[in-house]
Every structure is written in C-alpha cells, then in structure tokens.
Amino acid sequence: MTRIHAFGDDCLSDLDAVGLAQAISRGQVSPVEATEAALARIDKVNPTLNAVAYDDRERALRRAHTIDHQGIFAGVPSAIKNNTDYGGIPTTHGSAAVPPIKAVSNEPFTNQMVSTGLNIVGATTLPAFGLTASTEFVDRDPTLNPWNPAFSAGASSGGSSVLVAAGALPIAHANDGGGSIRIPAASCGLVGLKPTRDRTKPAALAASMPIDLISNGVVTRTMRDTAHFMYGAEQYHAVNTMPAIGLVEGPAKRRLKIGLVTESIVDSPVDEETMAALMRVAGVLELAGHEIIPMVPPVEERFIQDFVHYWGLMAFGIEYLGKISISPKFDRSKIDPFTHGIAQGFTKHLWRTPGALKELHATEAKYRAVFDDIDLVLSPTLAHTTPEIGYLNPGVEFEEAFDRLVRYVAFTPMNNATGGPAITLPLAQSSLDLPIGIHFSADHGRERTLLEIGFELEEAMGFARIQG
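Everything in the sequence shown is counted per the working numbering, starting at 817 for the first residue and increasing by one.
Hints are computed from structural coordinates only; laboratory data are not their basis.
Here the structure is a predicted model, which means the values were calculated and not measured.
Certain hints may be false.
With a Cα cut of at most 30 Å, we get these calculated DSS-like pairs of lysine-lysine [unchecked claim]: (1) Lys1017 to Lys1145; (2) Lys1164 to Lys1182; (3) Lys1174 to Lys1139; (4) Lys1182 to Lys1017; (5) Lys918 to Lys1145; (6) Lys860 to Lys918; (7) Lys1182 to Lys1073; (8) Lys1174 to Lys1164.
Label pairs and their calculated CB-CB ranges [said to hold, decoys possible]: (9) Glu1102 to Ala1022: 33 to 43 Å; (10) Asp1147 to Arg1071: 53 to 63 Å; (11) Asp1087 to Glu1107: 19 to 29 Å; (12) Gly824 to Asp1249: 17 to 27 Å; (13) Gly1062 to Leu1248: 36 to 46 Å; (14) Gly903 to Glu1102: 48 to 58 Å; (15) Gln1160 to Gly1062: 39 to 49 Å; (16) Glu1116 to Pro1170: 17 to 27 Å; (17) Ala1023 to Gly1062: 25 to 35 Å; (18) Glu1116 to Ala1060: 24 to 34 Å.
Just so it is clear, CB atoms sit at the ideal spot from N, CA and C, and this is done for glycine as well.
With these hints in hand, go ahead and build the complete structure from the sequences.
Following this line, the structure appears as structure tokens:
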C-alpha cells in the first residue's frame, strides 16, 4: 500500500493549525511562507488525489502579504468546500449542471470562517450536490483516499478531508447534511465535529428547506484544532439559545453515562473490524471510570425511510428548481444519474411528504429525551470499513448504489434531522491499515462535552496518523 502525503521538513512540518498559528504569531514562520508551503504541498499530492475544485493561489498569496494577525488562526492556510460561496471562486457543487460562475460575495459562514484568520487558498471537491458518501463522479476522476488511493475518501467533504489528512493543509472547511463532515473524516483519519444546528452560521442552500439538515464546521487532525476553531467561530457568532462552548483545552474530570449503540437501524450488521474497534473504545472509557450503558438506537426504524424521502425532496428541488435555487444558468440536462435517481424516488412517493416531515420534526424531541438519562451516545461512525473506489460510484445502477449508501451511513443522519451535535474520532485502523472512525452524539448545545471526551481519548489511545 502506498500512502500519498506531503508531510516533510518545510515550515509546515507536521504542525497542526494551532501550532502553525503560534509559529506565525512568534515570527518563526511568515504568513507568506506558510501559504507558499501549503501550495507546494497541494501541488505534490493533488495530481494523484484530485482534491482541489478551484485553485485560488494568487489571491491567497496577496492576502498573505497583508495578514493583520487578527483571529485565532491568523495566516494559517485553509480551503473552502465548493458548495459554499466565497467571493471570486465559482461554486459548482461538484456538478457539471452548475456553470463555473464566480460568486460575487461570501455567504455568512464563509465570513465566520475567515474571521478566525484562515487564509483560503482554494475550494475543495465534493460529489454532485453532496448527496452520496464517496467523492466520485460520472464525468471526471474521483477524489482518492491518501491512506490508500484504491479506496474512497468518503464524502461529501471529501476534498477537504483528503488535503488535511495528506498534510497539505492543517484545517479545512466541511459541512454536514447527512454525515458529510463525519463520513470523510472517518475515512481519512480525522476529527470531524458536526455542530448543533445553528451553532455556526447556516448554509445558504438550506435556507428555504422545511428542515435545515446542514451544519458548517471543519475537519482537522487534532482535538485542539477543532476546539480552537469552535472557540474562534463563537467569538464571531455567539448563540444565546444554547450553552457557550468556550475554549476547551483538555478532558473533563466529570465521569459520564455513555449509551452504547452497536446495531444499525437498517437491516445490516456492523462489520467485525468496526465492532471490535467500537468495543475497544468502550472498554477504555469504562476503565477510565465512565459508565457504559448498552442501548438501542435513539430513533425508530421508520426514521431512515423518512430521512431518505426528505433527501429525495432536496434532490428534486435541485433538479427541477436549480435555476432558482442555484443559478439561472443551471443545466438540468447535465444532472448526474444518482441525483436524478433520488429525485425520481421522491416523485414516486410524493404522497409521503407530509407524514415524513411530521415524523422528522417529532424525531428531535425523541432524540433529546434520550439525554435525560445519559450524557453521550457512543456508536460506530460507519457500518463498515472504507470501501474501494467504485463501490459508491454515482454511475452504479441506482437501486444498488442507494442500497449500499443507506447501509453504509445509517448511523450519521440522525444528528442532521434532530439537529444534535456529533463527533467522529480516528481511534482505530483496519487490517488494511485504513482509519476507522468512532462516533459520539450529544444533546443540543453540548459540543463542549464532545470535545472533552475527544481530548480524553486522544490522550488515552492516540489518533491514527497517516505519517505515523
């Protein structure tokens, strides 16, 4: 197996975003040097991994010369996922149906992200409209996993996850409407926190939807990078409807009650390697004094049917209303077969829509009630180890591709429908030496608890590292 990474002896070394920001603040590394090194690293890995949707290096280098050292990550190079408007970059959502017209302004989360001082060097890949769990396409080369390029990088924040895992960037934007932060983070061996709904500025594309599934965040290699990003984002946009996170810098002393979910809500077992990894983590937590309580999934089996129907509503809106919601020059004839298949599934069962929406709204209360008795829910992030490239390709016969998708990602959508926060941690590796993610969910506003348990496990078990 050949790992593809860019870690080396340049000024980025193996620094995380906090470490690089500290080096810049002390004058040990200039913002220009950091940006040039990141671009050189991208140039090294991207021809193989195909993670860049748009290269914005010229503007990034100009900005690097004028960094004012404001923000927690001042001068640190990063990238935006290519479904989020950043003025001057075309937002094409991973689809040939969207023309490459440059965004005229930033959307709200972009402003929140750059308020932390991050310098955007470009945009990263995602599968068409972020609707599947592998960053693959029918009209271009796939984005590949740096741990082994024969395998999927996950999705939909695949390009961001690849560049961070490969060491080209220390931190990058990701967002999550069904697992799209957590799935590629698990596949690429990263920390992926999906914040509570509205903790960060919402995605513009979700503004008109009856249920906002999408949360914005980042993917990182260390707990402290994720914690510092959430702290910096909170300085820009404090939310008074939930507890403040503050700056989390390590584990908590308080011992927790942690529910353990080992079964998916779809008729598909968790594979042996993933289950073994999950039980090892549960054992470490129990030895550390936490109470592990076996439990059934916090949502009912019908949930997946309702979520899939709502996913179809989103695809239908994209295909048939794209000229309104995305671009006046949206070309429906270039919609990929997977997006079209999901949209067609929605139209065949249109009558289900009122009931599905009602049930999805009700699921939030059921989910939150679970936390009357426990602090966290522990589960796998994904039902099985990372698949090979092609397994989730959007060109696969639709029914087969969709069945594979639902079985693979059955643990993650619950937090999108309910709005609850969740985190995946890279706590294990498979027999093929690929990362395995372990998942924690919490009640609304309890990101601090997720960060604290992440710090505890990072110290106790270490994280999978591509160069380790």
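task = Could you tell me which of the hints above the structure violates, numbers in ascending order?
result = none
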